Structures are given as structure tokens and as C-alpha cells.
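> Going down the list, the sequences are from chains A, B and C. Residue numbers for the first sequence follow the numbering used here, beginning at 1 and rising by one. Residue numbers for the second sequence follow the numbering used here, beginning at 1001 and rising by one. Residue numbers for the third sequence follow the numbering used here, beginning at 2001 and rising by one.
Please note that a few of the clues may not be correct.
As the list claims (entries may be wrong) - To spell it out: a stretch of chain B is covered by chain A in this simulated footprint if at least three of its residues, at any positions, have a beta carbon under 8 Å from a beta carbon of chain A; those stretches are:
#	segment
1	1038-1050
2	1190-1201
3	1223-1232
Since the hints were derived computationally from the structure, they do not count as laboratory data. All values derive from a computational prediction rather than experimental measurement. Glycine included, C-beta positions come from ideal geometry on N, C-alpha and C.
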Amino acid sequence: MPVSIFWHFVRLRLRERLEYRGAFLIGLVSQGLGYAADFTVMWILVHRFGSLGGWNWEEIAFLYSLNLMSYAIGAAFTYSPMTELETMVQRGTFDGVLIRPLNPYASLTAQMFNVGYLGHILIALGILVWSVNQLAIDWTMGRVVFLLAAIAGASLIQAAILTLLGAWSISLVRAQYLFGFAGSLRSFVTYPITIYATAIQVTLTVIVPFAFVNFYPAAVLLGKKGQVFPGWVGWLTPLVGVGAFLLAYRVWMRGIDRYQGAGG
Amino acid sequence: MTLYLAFMMKSFRKHLAYRSEVWLRIVIGVIWVGIQVAIWDALIGSGEVDGISLRNMITYAILNTVISLSLMDRTLSEVDQKIRSGDISVELIKPFNYMLTVFADQLGRSLFIATFTVVPTVAVTALLFGFQLPASVGHFLAFGCAMGLALAISFATSCMIVMFAFYFLATFHFQWAMGALKTLFAGSLVPFWFYPSQLRAVAELLPFQFLGFFPAATWMGELPDSDIVRQLLLGLGWAVALLGFCAWLWSRITWRLVVQGG
Amino acid sequence: MAVIELDALTREFRQPRRFDGPLGAIRTLLTREYTTRVAIDAMSFNIEPGESVAYLGPNGAGKSTTIKMLTGILVPSRGMARVLGNAPHEHRRENAKRIGVVFGQRSQLWWDLPLRESFDLHRRIYQISPERFRENLAFCESVLHMDAFLGTPVRQLSLGQRMRGELAMALLHDPEILFLDEPTIGLDVLAKDRIREALRTVNRERGATIMLTTHDLKDIEEVCERILIVNLGKLVYDGKIAELRAMLGNQRRIVIEFRHDPGTIGIEGGTLVEDRGLRKTFAFDRGNIPPLELLGRLPADLPVADIAFQEPDIEEVIRRLYRSMEADRPDQEEIDTWTRGRVVTQ
């Protein structure tokens, strides 16, 4: 599907959202409150215990901002469609997507692009800028490019996981809980994964690669050591992102095939 | 009364009909606890911080996890939809109190969760990580009361969110705001013992403590008896106030629907 | 060459088996058994270009399932379907550009934006040239009387306006085949008229093939030339509306309103088809008896208050057909009477 059509969808979504201007602004405020609460709880923990696994407050804030930013970008494309897919299938609205002469994944993500995540991105950007200012990182051109690529890769990972959940929600009934599960897994990369047992680190690195969303890229930039896996795997973040997304996309398309009765 | 009981049992059976969810919930509960245990192990290890050991925090984590699962805080999406589409008027014609049926329905769900998720989750996590029994029979009873308050308060807050939707068209924002308050003041992840003293003082006045910290701390016997009694009374006051507010809001909404036509 | 071909098309659905009773809920949780439901059973028919076909059947007969398979949304379990020469599922996107689909109960329009935004998006997705788009839009505007509300957000439109918008959108890309799933459901009389008129125009002036599922028999009478009836996944009737009408034309009815119930009475040459005490309806074969003579056959001393001649409509045929199909042992004779033996045997 040409980018121009995708972009047109996004513009339409933006216009739809602006029809409810007041709600949009209130949304930003309430989101801000939500994140402030999260942030405060983190602050309480770190404040009480000094450092966490050798990471200080600014470094943890940096982790937090990467997680939030990549989630906001990934979810802007995939959260709405994937969480509502099950309902759309039940109501038959999904058929409307299949009627179009477009790739169903692209069509669905474009049609349900969520402009509301803009607020999240702004908040994440703020925290990112603040924490980066406090930290002594030697910003070479290479490092800047890496940061951008890592954020892109991280966003792909976040989108990939939501896509996988969407794919499963068609086959399992009421898989809404899976989304909550992934969310709780994700919230644990809020803290540096080195504080967790090996099994958990392995899970978050190899099985559900949330650790690549913030920990490994940050480890690379901050010169931190990994534990089960060496810190330099962080350089692979963009690749992990692309790989995870392609896999998720395939599974999703396969799920749609199954919905249509092809392949069992 | 039997009518509402019937609603509750119907809700219980309805939840029984969904296959994969039951297993999934138990697995998720166990993993969630495991993750919290990992954090506290890293932070406390084999020693004690502020008189709290790792064993204590494990019990705390298990309790909070299952408490969170059993609360009636899923935004009542059905009610929400009905209010927005106007179908709620249909419910008003029926010969019973709609809100009570919603409560009964949620209670049925909580009963289902308590039986099929809480018990197995506690059993599994107790085996894996260890679990402390209630400090005494009295503490267990106090815990029971606290849970009653938790159910009432969580029901009231989610009702409020849904009813605000009637006036403001979006539950989304209030959910976030309420979620923020719960994150900060329920103490589900970080117990009040580790809070800075001023924040703790505030938290102990608000209703959210009953959604996590207070029931858990009561079970564990980590609060002096006088505090327990005092907080239970405070909780009762909050429950009555919040439920009363909900009832009032509901009457305003029904009045508006009936008199003004929504 | 036919634009739509079905050959022994079959579709089955598998569902986990549900158990009854108090322990049933738990057994359902644990079971690995499945039941198979046959939604479409070896269905075969062809539709030629330019035909307007009504696809009829009781609820649950398999109408939506058929349409889904023809539009490529659902894959057949067995058998073959060809639309525009292609297997619909394998060539979904290709065919999508040449067919239009209107779902009566599901909207494909953007809810919070004006109609013209949905149309504009449609233009981009289907890659319609600007001139063609303008032409078609003008055509739709005139045929569906839409100029007044193109700029209104869709959520503010009445159902009739919205359906016209849906139909217009489906026509913007010059589809060769139009599939419509209950397009007039819930509409007022004027809106229905407009939709039907538009469909007739599109079929006759533009040669679009139309396949329409509906419960409204007026839709069929006004728009379609051919009627397919499906029941329990099987095709039970395939014939022209004109034939049905011709057949009915031979039937004539008299409705007599009595001043007081005369009890059971008979009229020579006629059959009592409906007895509501004071109101009785008799059916006659028109060809045989001139109307005046019919009246003459009524006993002069009958306490008649009013008499009316009634033309039976297609609805009557369909109703009888459905009723016979519903019966445990379908009355084949009854069905034959009404369809003059045009039932498709399986």
C-alpha cells in the first residue's frame, strides 16, 4: 500500500480526533497524571534504596523514556487495531477491511491509527531530554544515529508484540487478558533487567525481547555491563526490531488466513 | 434479594464458560508474583530493610497480586456502552434496581476469580516462593472486612468513572486519572513502609489503600491493632461516602434520562 | 461467460462441543470434541453478466456465508466458486477493484467525517481517475439525491442518508458486480424507493450485475429479475420472477367480509385459503372463471358485508415455501404447487 494512502488515513484520523478537541486536551492531562504517578512510584523505590542494580535515578529515567517513547510509537499503529480485532471479527466489521483491495494489515493499522499517543511521545521526549542532559554521554554522530535507530527498532518490537497479541486474539476467545499480561511484562523493563534472575533476563532478551526496547541500547550508550548477555548486544537492537516485526506480521497474516478458513 | 443472587450466580456461570482465560490468569498471576519477588530479592536480599524481610515482601506481593485480580475495577464496559448509546433507559423500565444487578454481576465475577484464580495462584506461588499465613484469626477476620471494603470501594470508583462518561463522553481519561491515583496510593507494588513519611501520611487518609496495602498489611500483622481498627472505620466511611456519591450520581442520571430524555 | 459460478460449493464450520447441565460448564472448559456445522451444502448456480439476482432464504440459511465466499472473505471447504473468472479468495485484491459490496448492517464509512471524505479516500484506495470519479460522483448524486448532505459528518446522517452514501461509495469505482447484503433494512419507504431506483439504473444503464440478499420482497420485485432461494445451506429454488408472477397471475382471490359468521361455506371452483370467522378468503384459478360468474356463484342469501378481489403477491409464495421448508416432512406437493416443479433436486 503506497505511503501516500497511509498518510492520508493518518490525516483523516487526526481530523476525526480534532472533532473532539476538548477531549483531546483532557486526554493529555490525564495521561500526564498517569505517567507522573508511575514516575513517582519509581522515584520512591529508587529514593529509598539508593541505586537499583547499579543504575542511578537519571539512568533509570532514561530507561523509562526509551520504553515509553517506543511504546507510544509502536502502539500508535497497532494498539487500537489489535485490541479491537476480536470485537471487529465478532461484529463482522472486519469484513469491511477485507473487502478493500489493500493489504489487510496496512489497511487496518492505517484506518485505526491512534493519534492520541502523541501525548505519550511528548512526555517521553521530555523525560528523554532531561535525563540525557543529566548523564555524561559522549555524543558522537555515530551514537546519535544509533539512538535514533534503537528507538526505531524498539518501536518495531513494541508493534510486533501487539501484533502477535492481535493475531492470537482471533483464535482464542476473550484474549483481552493477554494484552494485560504483555503490559505487565513490559512494565518490568522499567527497571534494569540485571536485577532479575537469569531466567527472567533470558525471557526478556530471547523470548519476548522487551529488554531490547530500553535496557540493551541504554547499556551500550551508558557503558553498562550486561549480566547473562553482554552489553554489546544492544547494537543489534535495530535488527531485533526488524526481525521481531517481520515474524509478528507473518503470524498475523496467517491468523487472518485462518479466520478466512484457509489452512485449517 | 434472591433476584440479585440469581444475577450473581448467572455471572459466575458466564465466566465459567470461557476456556482459555482461566489457565492464562493463573499463569499470569504466578509470573507477576515471580517478577516482584525478583525485584525484592535484588533490593533486600537476605537482610532486612525497615524491619521487612524478603519473606515478608513475598507474602505482600502474593497478597497484592490476588487482591488486584479480585477487585471490581474493570471498567464496566457494558454499562458504559449502554449509557452512551442510551440503551440504559431500557434498563430503567425493568422491575429492579439496575445498579444492584451490576453489583451482583461484578460480585459473581469476583467470586469466580476468588475460586478459580486466587486459590490456585496462592497455592502455586506458596509452593514456589513461600507464603505466610495470617498473623492470627483476628487478623484474618480483619482481612476479610478489609476485602469487603476493597470490593465496595473498587466498585464505587469504577461506577463513578462510568457515570462520568454520561456527562463527559469519555471514560478513557477518568480511567487514567483513577489509575494514576491507584498506582500511587494503593501501594500494590511498593508498600507504604518504604514511602517518604509525608506521602505515607496522605496515603493513609485516602480510600485507595484499601485496594492493596491495607488488606495485605493486616493479613501480615504488620500494623498495630489500634491502627487496624481505626483504618477499618476510615475505610467504612470512605465506602459509604463513595457508594453514596455513586447512588446520588445515578439518581441524577436516571432523572435526566427519564425527565429530559437523555 | 458467467461472472459468478458456483460448483458444489461447500462450507463447514467447526465448533467446540458445548455440554449442558451444571457440570456441563466445566466439561466445556476441558473438552477437545468439536461439532461440525454445514453452512453451505454443495451449492451450484451461475450468474451471467448484467443479471439482477435476488438471494433469499430464512435466517441462518447461509446467505451471508455465500456472499462472503464470493467476495473472497471466506474460503470454501470444498467445491469451487469463480467470480469474474477468478477464485475469489486467491484473487481477493484483484477482484476487489471490480466488485462493490454494501453491507446493510455494517457501515464502511468514516463515522466522524463528512461523506465526501470517505469518498475521497475511496478514490485513492481504488485508484479512480479524477474524471471518472467526478462522473461517477455526479451520477450517484443525481440518482441517489445526495447533494444536500455530502458535507455532513456521517454520524449525523439518518439511516436512509447513510445507506445512500454506502451505496454511492460502492459505485464510485464502476464495479462490474454489486453484492448487497440487506441494503434496505430499517429504511423508510422513500429511502427504499431511492435505493431501488438507483439499483435498477445501475443494472440497466451500466450493466452491473447485481446480487442482492434481502428480506424485503418489494426489493426483489422492483430490482431483480431472477430469484434464488436457499434453505439450510442448499439451493431450493432458481427461477425468474416473471415466471413466478405469471404463475400467480393464474390465481385469483376473493376476500369476503360477512355481517355475521355463516359457518363453513364453500364456493364452487374455489378453495378456502383463510378463515377468520367474519373474513374469509377464497382462491380461484383465474383462467377458468370470469369474475362476474364467480360472484354469481355466491349464494344470494349470504350475509355479505363487503367483497374485495385480491392479487396474491410474491410474498405469499415465499411464505408458503418457507413454511413448507420448515415442516418436519416438507410437503413436496405443496412446494410443487407453488413452484410448478421448479425445485432444484439435491
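> Compare the structure with each hint and give your call.
A quick look at each hint next to the structure:
Proximity of the segment 1038-1050 of chain B to chain A, defined as three or more residues with a beta carbon under 8 Å from a beta carbon of that chain, is established by the 6 residues found. Restraint check on the segment 1190-1201 of chain B versus chain A: 5 residues with Cβ-Cβ distances below 8 Å, three needed, restraint holds. Given as covered by chain A, the segment 1223-1232 of chain B fails the check, having 0 residues with a CB less than 8 Å from a CB of that chain where 3 are the minimum.
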